[in-house]
Amino acid sequence: MTIKNPWPIYYKKDVITHYCPGCGHGIVHRIVAEVLEELDVGRRAICVNPAGCAVLAYQYFDIDMLESAHGRGTAMATGIKRSRPDLFVFTYQGDGDLSAIGTAETIHSANRGEQICVIFINNAVYGMTGGQMAPTTLIDMKTTTTPKGRTARVDGFPLHITDVVATFPGVAYAERVAVNGPAGINRTKKAITTAFQTQIDGLGYSIIEVLSPCPTNWKLNSIDSFAWITDVMAKEFPIGVLVDRRRKQADAD
Amino acid sequence: MSKVFMSGNHTFAEAAIRAGCRCYFGYPITPQNELGEYMAANMANVGGVFIQSESETAAINMVIGAASTGARAMTSSSSPGVSLKQEGISFLAGFELPAVIVNVMRGGPGLGNIAPAQGDYFQATRGGGHGDYRTPVFAPSSVQEAADLTAIAFDVADRYRTPVMILADGMLGQIREPVVFPDPIGELPEKEWALKGRGDGPSRYMASLILDALEMEKHNWKLVRKYEEIAKNEVRCEQFMLDDAEIVAIAYGTTARIAKGAINRLRKDNIPVGLLRPISLWPFPKNEIIDLTKRVRKFIVFEMSTGQMLEDVLLAVQGRAEVQFHGRPGGVVPTPIEFSRILYREYQILQKGRNGASHS
Numbered sequence: 000m001t002i003k004n005p006w007p008i009y010y011k012k013d014v015i016t017h018y019c020p021g022c023g024h025g026i027v028h029r030i031v032a033e034v035l036e037e038l039d040v041g042r043r044a045i046c047v048n049p050a051g052c053a054v055l056a057y058q059y060f061d062i063d064m065l066e067s068a069h070g071r072g073t074a075m076a077t078g079i080k081r082s083r084p085d086l087f088v089f090t091y092q093g094d095g096d097l098s099a100i101g102t103a104e105t106i107h108s109a110n111r112g113e114q115i116c117v118i119f120i121n122n123a124v125y126g127m128t129g130g131q132m133a134p135t136t137l138i139d140m141k142t143t144t145t146p147k148g149r150t151a152r153v154d155g156f157p158l159h160i161t162d163v164v165a166t167f168p169g170v171a172y173a174e175r176v177a178v179n180g181p182a183g184i185n186r187t188k189k190a191i192t193t194a195f196q197t198q199i200d201g202l203g204y205s206i207i208e209v210l211s212p213c214p215t216n217w218k219l220n221s222i223d224s225f226a227w228i229t230d231v232m233a234k235e236f237p238i239g240v241l242v243d244r245r246r247k248q249a250d251a252d
Numbered sequence: 000m001s002k003v004f005m006s007g008n009h010t011f012a013e014a015a016i017r018a019g020c021r022c023y024f025g026y027p028i029t030p031q032n033e034l035g036e037y038m039a040a041n042m043a044n045v046g047g048v049f050i051q052s053e054s055e056t057a058a059i060n061m062v063i064g065a066a067s068t069g070a071r072a073m074t075s076s077s078s079p080g081v082s083l084k085q086e087g088i089s090f091l092a093g094f095e096l097p098a099v100i101v102n103v104m105r106g107g108p109g110l111g112n113i114a115p116a117q118g119d120y121f122q123a124t125r126g127g128g129h130g131d132y133r134t135p136v137f138a139p140s141s142v143q144e145a146a147d148l149t150a151i152a153f154d155v156a157d158r159y160r161t162p163v164m165i166l167a168d169g170m171l172g173q174i175r176e177p178v179v180f181p182d183p184i185g186e187l188p189e190k191e192w193a194l195k196g197r198g199d200g201p202s203r204y205m206a207s208l209i210l211d212a213l214e215m216e217k218h219n220w221k222l223v224r225k226y227e228e229i230a231k232n233e234v235r236c237e238q239f240m241l242d243d244a245e246i247v248a249i250a251y252g253t254t255a256r257i258a259k260g261a262i263n264r265l266r267k268d269n270i271p272v273g274l275l276r277p278i279s280l281w282p283f284p285k286n287e288i289i290d291l292t293k294r295v296r297k298f299i300v301f302e303m304s305t306g307q308m309l310e311d312v313l314l315a316v317q318g319r320a321e322v323q324f325h326g327r328p329g330g331v332v333p334t335p336i337e338f339s340r341i342l343y344r345e346y347q348i349l350q351k352g353r354n355g356a357s358h359s
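As you go down the protein sequences, you meet chains A and B in turn. In this text, residue positions in the first sequence follow numbering that gives the first Met the number 0: the first is 0, and each later residue adds one. In this text, residue positions in the second sequence follow numbering that gives the first Met the number 0: the first is 0, and each later residue adds one.
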């Protein structure tokens with residue numbers, strides 16, 4: 000077997016990662032870099048990276064990047080894309096960024112059908128600040144702010160934001176995937192490729208939710224983290240295509 | 000271009016379009032709605048972008064996105080909405096991105112009311128958001144000046160790569176006056192720092208996160224050096240009947256117009272009063288005030304607030320002269336008669352003091 004393209008051109012070389020061992024960000028970063036290259040959009044791409052663990056994503060992506068205030072990524076991406084429709088624009092956001100503090104921006108950018116892609120990393124926890132409850136934290140899951148486990152009565156239920164935006168007519172493509180093993184990683188790459196192609200084709204907004212391991216804050220090793228995604232997290236957040244309106248959007252044009 | 004009759008809010012919008020602004024993002028709030036409505040009606044005609052955003056927060060972040068690509072971008076709001084924009088203004092300062100923000104002030108705090116006020120002076124001139132930064136602030140007092148300062152604001156924003164605020168109030172937003180617009184500017188020079196995809200060059204990023212404290216300190220001092228340049232070059236003020244003035248009023252925006260009315264009344268009776276009108280609120284015309292303290296014994300600060308610019312005047316005067324204050328906060332618009340009475344009373348006290356001194 001020969002390995003084609005062993006190192007993606009839009010992924011910086013010789014950088015020591017700041018992500019924890021077993022973290023899913025590195026996997027998704029690599030996938031994004033590969034897809035940018037395969038679809039040949041890296042030269043005209045701008046990534047809006049979040050406040051959260053991926054705030055340092057510009058250390059790894061070798062494309063133009065704009066840091067966002069916490070939660071505001073899709074508003075900034077809107078400004079970039081509307082100002083320069085010829086650019087390829089995507090956000091990379093975590094669950095706290097996208098579905099807590101940035102809920103309004105997420106909902107309305109999707110509802111306007113902005114021609115952007117959203118890569119949504121769901122690890123059910125606030126990673127960078129040390130493991131607090133996220134909107135996506137599962138019921139009974141222990142975090143530093145739900146020390147006895149999340150209870151619906153006090154904290155509400157896990158928020159399925161991707162399912163919400165998938166109901167909007169302006170959303171061309173929404174899929175939930177997981178980086179929980181080789182099959183999941185392959186499927187994630189396929190999903191991100193579909194999302195990026197959707198923007199290239201001018202068909203509207205796309206969002207890929209990636210269930211992603213956070214061994215440090217889950218207090219699990221990396222193998223058990225993969226298993227936990229499969230056995231527990233994916234039961235709450237089922238894997239699959241949530242909506243595909245690409246054909247419909249193309250017909251509308 | 001010939002003279003047209005326009006409201007302040009429409010004028011801000013038209014002047015911005017003529018200054019090359021092609022991206023406007025805003026959220027409705029009184030008393031500045033006409034600005035966004037004008038943009039909605041006219042941006043498309045020039046190939047520009049208008050978005051009614053879901054919030055003022057989203058609007059300022061759309062501005063950041065557009066500005067990062069090198070576009071001339073603008074948002075506008077009124078007091079409560081401008082509070083929501085402060086996070087984004089801090090990021091603009093941190094990123095060193097140019098943008099223009101118009102605040103058509105109303106009474107506050109809280110929702111307050113929709114009447115003209117000047118209660119956001121501190122917020123505008125002290126940065127407003129978190130962190131160590133300053134924002135140039137221009138305060139027009141007529142519709143013509145609204146047009147002129149909007150063009151200047153975009154130039155200053157680009158020149159220094161900084162957010163610039165235009166601080167108006169509900170009176171100026173709503174008032175209609177004759178105005179002559181400058182011709183639309185032509186092609187703007189390319190901004191070589193803008194994000195436009197790496198192309199064949201090296202990738203770039205804009206980040207305000209600087210985890211190394213020493214590096215962050217360096218960035219802060221770099222911003223300070225820029226602010227010092229702005230303070231040196233961008234001070235603007237009007238001196239009105241100051242040559243022989245024994246009492247000097249200091250007021251900006253709508254309040255300055257009212258003060259001029261008061262001064263005109265008193266001058267008919269040969270009362271030697273004048274006005275210093277700061278046009279740039281930051282940088283503040285401190286040196287002009289210091290010069291005046293060499294011969295003027297008394298200043299009276301008029302504001303439609305409880306006394307905010309007053310603090311800048313006190314900092315400039317440094318006890319070298321007497322400073323009085325008269326403010327009408329909460330959306331009350333004072334009258335020229337009201338100001339003229341205060342100026343006259345203070346003039347009498349000054350005269351009495353002089354006479355008293357000569358008798359002792």
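Do not take every clue at face value.
Partner residues are not named here, just some residues of chain A that face chain B (Cβ under 10 Å, in silico) [what the hints assert, rightly or not]:
(1) Glu104
(2) Ser108
(3) Arg246
Below are the DSSO-like pairs computed for lysine-lysine, each with C-alpha atoms no more than 27 Å apart in a straight line [stated by the list, open to error]:
(4) Lys188/A - Lys267/B
(5) Lys190/B - Lys217/B
(6) Lys11/A - Lys293/B
(7) Lys218/A - Lys147/A
(8) Lys195/B - Lys12/A
(9) Lys188/A - Lys247/A
(10) Lys188/A - Lys147/A
(11) Lys189/A - Lys147/A
(12) Lys293/B - Lys267/B
(13) Lys11/A - Lys195/B
Calculated from the structure, these hints are not laboratory results. These numbers were taken from a predicted model, which means no experiment stands behind them. Where a beta carbon is used, it is the ideal one built from N, C-alpha and C, also for glycine.
Taking the hints in turn, this is what the structure says about them:
1. The interface hint given for Glu104/A holds, since its Cβ lies 5 Å from the closest Cβ of chain B, which is under the 10 Å cut-off.
2. The closest approach between the C-beta of Ser108/A and any C-beta of chain B is roughly 8 Å, which is under the 10 Å cut-off, so the hint is satisfied.
3. A least Cβ separation of about 27 Å between Arg246/A and chain B goes past the 10 Å threshold, and the interface hint is therefore violated.
4. At most 27 Å may separate the alpha-carbon atoms for a hinted pair to count; Lys188/A and Lys267/B exceed this at roughly 81 Å.
5. Taking the CA atoms of Lys190/B and Lys217/B, the gap is about 24 Å. The hint holds against a cut of 27 Å.
6. At most 27 Å may separate the alpha-carbon atoms for a hinted pair to count; Lys11/A and Lys293/B exceed this at roughly 62 Å.
7. For the given pair, Lys218/A sits about 15 Å from Lys147/A by alpha-carbon distance, which is consistent with the 27 Å threshold.
8. Of the supplied pair hints, the one linking Lys195/B and Lys12/A holds, its CA atoms being roughly 22 Å apart against a limit of 27 Å.
9. Restraint check for Lys188/A and Lys247/A: the C-alpha separation of about 24 Å stays at or below 27 Å, so the hint holds.
10. The hinted pair formed by Lys188/A and Lys147/A fails the criterion: a straight-line CA distance of about 36 Å is larger than 27 Å.
11. Proximity of Lys189/A to Lys147/A is assessed by CA-CA distance (about 38 Å); at most 27 Å being required, the pair is judged violated.
12. About 26 Å separates the Cα atoms of Lys293/B and Lys267/B, which keeps this hinted pair within 27 Å; it holds.
13. A threshold of 27 Å between alpha carbons decides the hint, and for Lys11/A with Lys195/B the separation of about 19 Å falls inside it, so the pair holds.
In summary, the numbered hints that this structure violates are 3, 4, 6, 10 and 11.
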